[in-house]
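Here the structure of chain A is known, so what remains is to put chains B and C in place on it, guided by the hints.
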Amino acid sequence: MKEITLYTLALQNLRRKPYRAVVIGLCVAVATGSLFAATIVLRGVQHSLTVGRARLGADLIVVPIGHEVPAQEAFITGQPSTFYMPDDIKEIITALPGVQQTSTQVFIETLSNASCCIGEFFLVGFEPETDFTISPWLATHLDGEALGPFDIIVGDRILLREDETVIFYGTAFNVVGVLEKTGMGIDRTIYVPMEGMRTMIADSSELAEKTLTVAPEEISSILVSVAPNADILDVAERIEANLDNAKVFTAAQLNQAVGNQLQGVLGVTFGVTIAMWLMSLLTIGLVFSLTVNERQRELGILRAMGAQRQAIFRLVMGEAGLFTGLGGLVGLASAAILLAGFSRLIQLRLHIPYLLPNWFEIVGISFLLLVLSLLTGALASLHPALSSSKMEPYAAIRQGE
Amino acid sequence: MSRNNGSKPKNAPVINIEKINKHYQQGNEIVRAVDDVSLQVLSGDFVSITGRSGSGKTTLLSLIGGLTMPTAGHIEIFNQPLESLDDAALSTLRARRIGFVFQFASLIPTLTALDNVRLPGLFGSGQVNPKDAANLLSWVGLSDKLHNFPSELSGGQQTRVALARALANHPDLLLADEPTGNLDVETEHEILTLLSDLNRERGMTILLVTHNPELARHGTRHLVMHNGMLTENQDIIANKKVPIYD
Amino acid sequence: MKRLSTSGIVVAVLGLLIIITPIVLPVCEGLLELVNGKQVPMRCHWTARAEMIFGALIVVVGLMIAFLKKPGERQRLYHQVALLGLVTILTPLFILPTCMNPDMSCNVGTKPALVILGGLVLIAGLLGSRAPKTPPETIE
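Line by line, the protein sequences give chains A, B and C. When the letters of the first sequence are read in order and numbered with the numbering used here, they come out as residues 1206 to 1606. When the letters of the second sequence are read in order and numbered with the numbering used here, they come out as residues 14 to 259. When the letters of the third sequence are read in order and numbered with the numbering used here, they come out as residues 35 to 174.
Hints may contain errors.
Stated by the list, open to error - Here are some, though not all, of the chain A residues that point toward chain C, as calculated from beta-carbon distances under 10 Å:
(1) 1295
(2) 1364
(3) 1393
(4) 1479
(5) 1483
(6) 1542
(7) 1545
(8) 1546
(9) 1547
(10) 1549
(11) 1551
(12) 1552
(13) 1554
(14) 1555
(15) 1556
Unchecked claim - Each computed DSS-like pair below joins lysine-lysine, with the alpha-carbon atoms no more than 27 Å apart:
(16) B:144 <-> B:158
(17) A:1595 <-> A:1415
(18) A:1595 <-> A:1222
(19) A:1222 <-> B:158
(20) B:32 <-> A:1207
(21) C:72 <-> A:1415
(22) C:103 <-> A:1222
(23) A:1222 <-> A:1207
(24) C:104 <-> A:1222
(25) B:144 <-> A:1207
(26) B:158 <-> C:104
Please keep in mind that the hints were generated in silico from the structure rather than gathered at the bench. Even glycine gets a Cβ: it sits at the ideal position worked out from N, Cα and C.
Excised from the complex, chain A in its bound form (with noise of 0.2 Å):
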């Protein structure tokens, strides 16, 4: 038969009033829950924007002027966008001091392909001899072969896996590749050699339903490098300076404008957060001072019995931290839960790159957390844990009557 501990007498009382138990673990759950969602979405998008601009690895981006909220969407989240200038402005940045490496992209938008799946996708042509977006990972995973004129790589969301043919405006391309993932609008985008894409754009209105009207000479955006002792913001002004119809912008105001769209939403989900949390404590600390009053009788017999006053202490703070505890380990499961099921709409309907944290990251913040959530039951417990060990066993019994 079992023994009869401290603990069990601490869950016999979690049972005896299963609705206050119920008030408290909610508050717990709810507090620690949101907090724990709106922390993994954070590094999660921290995460992905790591991530993503290593592989992206331009310092600028230069687009045609007006067009530069629609470019950070595309490199954001994929949403397809598409704008043109003439590819002479290339030769003007390249000569410009501090600039290491440029290379330039054509953005498309594919039709809705039936044959491959429904939505629409976002097609980049590369320059195969100059981009250092995506030869790196050519290099490692293609042992640097030589890609063909309709060899393409695809973003981990694409519905398109290596050896599969698919067919964008009459023209047939091979997939060779599939990026691993980054969260961000890479995912989502199809990389297509400049050769091919030019050749598509020219066979379309043949082969396409629709024409496409691209001029051999337009290009969408300028990818640069930045040479590693040049300072990035200064040769941005100087690309600006030296071209009329152009904007550039930088990896870091891509960062930038996630932060923009985050800010507001996190922002209030840590201040309600906060406020529950708070609101927690007070609850907690109410809701245990009246339970102790009224076990105030029932305490002092336990002193009669022989429990020291450290014993009532540990006690009346181990079921606070039994209500909290238990609390936080349903808000992070829920959270968990919810947020597994739910990152893809959230990432959508917020417009930001996401990233699952490293499995070591979401571990140690859950552990945090719930730290957090016995320290409210410890905190709040504390007065009325104090109050109740100090009284004198006979005034505590007769409290009672």
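Structure of chains B and C alone, referenced to chain A:
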């Protein structure tokens, strides 16, 4: 049932009180709950204390049990001066050598009768064996109620469980404060008979506080508390009629 | 009115939430054109329909549990609840799966909500169908 049954000389002093006082402030007045009381109780005694409500008898019992401290005076329990004991030592004394029974049983409602009896094991010298707990409950006549919860027991049955609980750690002294206060006459006598058996057959030293002098007959000594002062009542022992205190 | 079973009410509420999920988090609205030119709803449309039916069944069983007296009868119904929960989970995943594209509304909203609610129904069913507490150990 008593730890020292047979090993202790029968008439060794268990309780030794010298001129204890318990005063407290109530508004502008000083209330003398216990006023200059001296008392000696020997091992094997069954002392009953009667008196009006508010006469100080419960306070006296609590002072003896170390549940409260006197304003003045000296208390020795088992030759240990209580004023020299810290909370830990006092708690240990209560856990191992003193059993309490109160007017309201105050059992833990979510523990069975058996587990309630085992509860003192948390604070004593070790877990109370379920077999021992079951034996205690059998002795108080509840062998068929081991796994019932307090809500399933009558008032009298709950008091019996409380009595069994008080004996779980094999105390040498039992302090009972109005244990039958809210019970019917028949049950009152049943409980008192148990206490008498405990004293007669097992030599348990018992201090019983009751408002009913009729019940006081069960004891070997009868004391009366009045306005904080204690007197020996020879009339009860001589079987004379005395008024019932409420 | 005699006391209703709280857990029965909880099951009924979960069933109700399953019914309204495709309304609050709708599946894809577009139509597919077949080779013969006919336009049909996407397959997630049928997933949603099926789930709403399961939700209605869960509501009915939940209410039956709420109003029943005998624990034995309730236990049998809890087995059915567990089964319905399992079916609710499996339908959008395997039986009548939603669209292939993971970014479609049926996959980002409807499916996770239904799987989570189905999971809660399954847990409720499993917990409720546990055997009644065994009699306490006897002391010899």
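For which of the previously enumerated hints does the structure constitute a violation, in increasing order of number?
Structure breaks hints 1, 4, 5, 14, 15, 17, 20.
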